[in-house]
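Heads up: the sequence lines are chains A and B, in that order.
Position in the first sequence (from 1) plus 21 gives the number in the working numbering.
Position in the second sequence (from 1) plus 19 gives the number in the working numbering.
Hints are computed from structural coordinates only; laboratory data are not their basis.
Each hint should be verified, as a subset may be incorrect.
As the list claims (entries may be wrong) - Each pair of labels, with its calculated beta carbon distance range: (1) GLU100/A x LEU22/B: 27 to 37 Å; (2) GLY120/B x GLY148/A: 29 to 39 Å; (3) GLY81/B x ARG55/A: 47 to 57 Å; (4) GLU100/A x LYS153/B: 21 to 31 Å; (5) LEU153/A x LYS153/B: 50 to 60 Å; (6) PRO170/A x GLY54/B: 33 to 43 Å.
In this text, a Cβ means the ideal position worked out from N, Cα and C, and glycines have one as well.
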Amino acid sequence: MNAAAPAPAAAVRVRNVQAGDLGDVAAIDLEITRVPKPEYWAEIYHRYGTGRRQQRFFLVAEAAGRIEGFVIGEVRDWEFGSPRCGWVFAINVRPKARLAGIGSRLLGAICEGFRHLGVIKVRTLLGRDNQLILSFFRSQGMMAAPFIPLEIDLEPQGTDGK
Amino acid sequence: MKLQKNTLFALYSVLESASHPERQLSAGEIARKYGISPHHLAKVLHTLAQARVVESVRGVGGGYRFAGNAKRLTLMDVIELFENVSAPARSAAPRRRRASGEAGVERALATVLAEIDEIAKATFRSISIATMLKLVERRRA
């Protein structure tokens, strides 16, 4: 196997994030989104990575001492009127490490964590133009949820005559 | 987004051939399974072969064999071969001269129909043939 080939899923270890992983996580996100957000990642680590709340998950996939991907989610009760379910709100794998089953391992691990908390439904929300991640979740068996996301543009303050 | 018969026949054919990638399936075989006209299906298979989604195998025992990448080929890739998916959403009323109030209603309705179309397209784009085959298996179980 050459150095550029992705690690097989079996050689990958999925574990809880540690403070020292944050640089790798932010670098993966930057490589994919091209938008640096160091403060955001510090905040996410503080909220999800410190293990203070049992229902919050921030997991990383590590291979040969390097972080190749991450998944973040939590169990929420009555969010959008829905009974207790698991929400996955971020999953990413380093582009060069894709197609080796790492995303499936990460999703499987967080689902296992949700299952231990008694959750039997997992949801996520994606941009409909995000075909790559949509296809990934579809390949894992996810189907459309009984929700419709809605949005509105707000006029800036002072422009509505009030 | 309402799929035409040809599109549905194409999806049946692709899913059928992708579920048995080692086999050559005849148009008659697929047509019998889905209760459709072999003549009609032959035209659909010809289009799929031109797009290299299936390949035509000539001779005795010949037929069509899946030639795509099931993990990469999406339902939308197949649909686009038979439908003009870039066309704007349908107007709700037949074309004629109309008052501005009517035009406003039509435009508002067209906005809603376009929204539905966009969701449908995103769904078709997100489902690969491999994912679809897994779904078929789960529905059979």
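I'd like to know which numbered hints this structure contradicts. Please list them from smallest to largest.
Going through the list in order, the structure violates hint 5 alone and respects the others.
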